[in-house]
Amino acid sequence: MTEVTIWSGWIGGIAIGTYALFQFYLTGNPLGVSSAFTDACSLVTPGPFFKKNRQENGFSWRIWFVLGIPLGGFIAALTSPGPLVASFSLGPLYDSVLPAVPWVRSLVLTFGGVLLGLGSRMAGGCTSGHSITGLGLLNPPSLLASIGFFVGGILIVQILFNVLG
Amino acid sequence: MYVNKKLLGPGFLALGALFGFLLSRAGATTYDFYAQLFLFQDFQLLWVIAVAAGLGALVHSLIGYRRSSPPKAILTAAALSYKGKPYRRSLVPGSIIFGIGWGLAGACPGTALAMLGEGKLGSLWTLGGFFVGTLLFGLKENFRMNKAVPVQG
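From first to last, the protein sequence lines are chains A and B.
Just so it is clear: in the first sequence, position 102 is 102 by the numbering used here, and no numbers are missing.
Offset between the second sequence (1-based) and the numbering used here: plus 1000.
Be aware that a few hints might be false.
Selected chain B positions facing chain A (Cβ under 10 Å, derived; list incomplete) [stated by the list, open to error]: (1) P1010; (2) G1011; (3) G1016; (4) A1017; (5) L1018; (6) F1040; (7) S1069; (8) A1073; (9) A1079; (10) F1098; (11) I1100; (12) G1138; (13) R1144; (14) M1145.
Simulated from the structure, these hints should not be mistaken for lab results.
Virtual Cβ for every residue (Gly too), placed ideally from N, Cα, C.
Produce the complete structure using the sequences and hints provided.
Shown next as C-alpha cells:
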C-alpha cells in the first residue's frame, strides 16, 4: 500500500478549511462531492428524477471537480517519499477485520459504497457537503447529519472490531 | 471579474486535484484513521473536520453574515448564498446509513476518489457501490415521481 505524507490533524484542517473557503468565494459553489454522482448517473439513466437533474445540471462543474480528485491523490502519492504501490490492502487495522478472501472483501467494500451512495442522497450530502461546508455555515440540519454520520461510523466499527473481531 | 464559462470545467478539474491532494495530506485517504477514529484511538480526522469547519464559520462570520447585501463570487460574480442545506425527513436515517458505509469502507465519497489516485484499489469497489446506491435512490425517486404524475391516456 502507498504510504503517503500526512500532516498534523490541525494543519490538515486549516488546509482543507482554507480550500473550502477558496472554492466558495472564488466560484460561488460550496464544496461538495456526492451530488456529482447523481449528475453523472443522470447523463446515462432514464426516468423523471434523472431527467430533471440532467436538465438542471447537465455535465456539471461537479463532474469536472470529482474527475480532478483522483489526480490530486496521484500527485500526493508521487510527492510522498515512499513508492506508489497499487494494492487492495486497507492497512493493518481494516485488514485484520475484513474478510481476507478477495471477492468477499470486494463485496463488503461494494456494500459499504452502496450505503454511502444511498445514505448521502437521503441525507442530502456527504462529509464534505454537510460536515465541512454545512458546519462552517453553522447550519443545524448539517450538524444533525454530521452527528448521524458519526453514530453510524461508531456503530459499525465497534461491531467490526469488538463484537465480530 | 468574470471568467469565460468554457474555462470553468478545466478550472474545477484543477480545484478537484488540489482538494484530492489536501485530503491525502490530511490523512483522510488513510483507511485505518477511520477505524481509529470510531474506536476512539486517534482523533486525526476529527481534528481535520473540526478545524476546517471552525475556520469556515470564523471567516464567513467576518465576511458574509454581517453584510446587508451578500458579497459576490470573485471569478463568476455569482451571488454567494450562506443558506445551508435544508432539513428533510430522510436526513437522520440517511446520515446513519451513510455513517455505516463510512466505517465499513473506511472512506467517504471524496476520499475514495483520492485513494484511487494513490493506488488504493479497494476504493474501486466502494466507488462502484456508490454509483449503485445513487442509482437505487434515483430509481426510487423515479417511481415516486411517476406515481405522483399519472400518465395520460
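Hints, one by one, checked against the model:
1. Interface restraint check for B:P1010: the shortest CB-CB distance to chain A comes to about 7 Å, inside 10 Å, so the restraint holds.
2. For B:G1011, the suggested interface contact is upheld, since its CB lies about 8 Å from the closest CB of chain A, less than 10 Å.
3. For B:G1016, the interface hint holds, the least distance from its beta-carbon to any beta-carbon of chain A being 2 Å, beneath 10 Å.
4. The closest approach between the C-beta of B:A1017 and any C-beta of chain A is roughly 4 Å, which is under the 10 Å cut-off, so the hint is satisfied.
5. Residue-level restraint check for B:L1018 holds (minimum Cβ-Cβ distance to chain A is 6 Å; threshold 10 Å).
6. A hinted interface residue such as B:F1040 counts as satisfied when its beta carbon comes closer than 10 Å to some beta carbon of chain A; here the least separation is about 8 Å, so the hint holds.
7. The criterion of a C-beta within 10 Å of any C-beta in chain A is not met by B:S1069, whose closest approach is roughly 15 Å, and the hint is violated.
8. Given hint, B:A1073 at the interface with chain A, holds; its Cβ is 3 Å from that chain's nearest Cβ, closer than 10 Å.
9. For B:A1079, the interface hint holds, since its Cβ comes within 10 Å of a Cβ in chain A; the closest pair sits about 7 Å apart.
10. For B:F1098, the shortest C-beta to C-beta distance to chain A is roughly 3 Å, which falls under 10 Å, so the interface hint holds.
11. Among the interface hints, the one on B:I1100 holds; its C-beta lies about 4 Å from the nearest C-beta in chain A, closer than the 10 Å criterion.
12. For B:G1138, the interface hint holds, the least distance from its beta-carbon to any beta-carbon of chain A being 5 Å, beneath 10 Å.
13. With its C-beta approaching chain A no nearer than about 8 Å, B:R1144 sits inside the 10 Å limit, and its interface hint holds.
14. Nearest Cβ of chain A to the Cβ of B:M1145: about 4 Å, under the 10 Å cut. The hint holds.
Hint compliance for this structure: hint 7 alone is broken.
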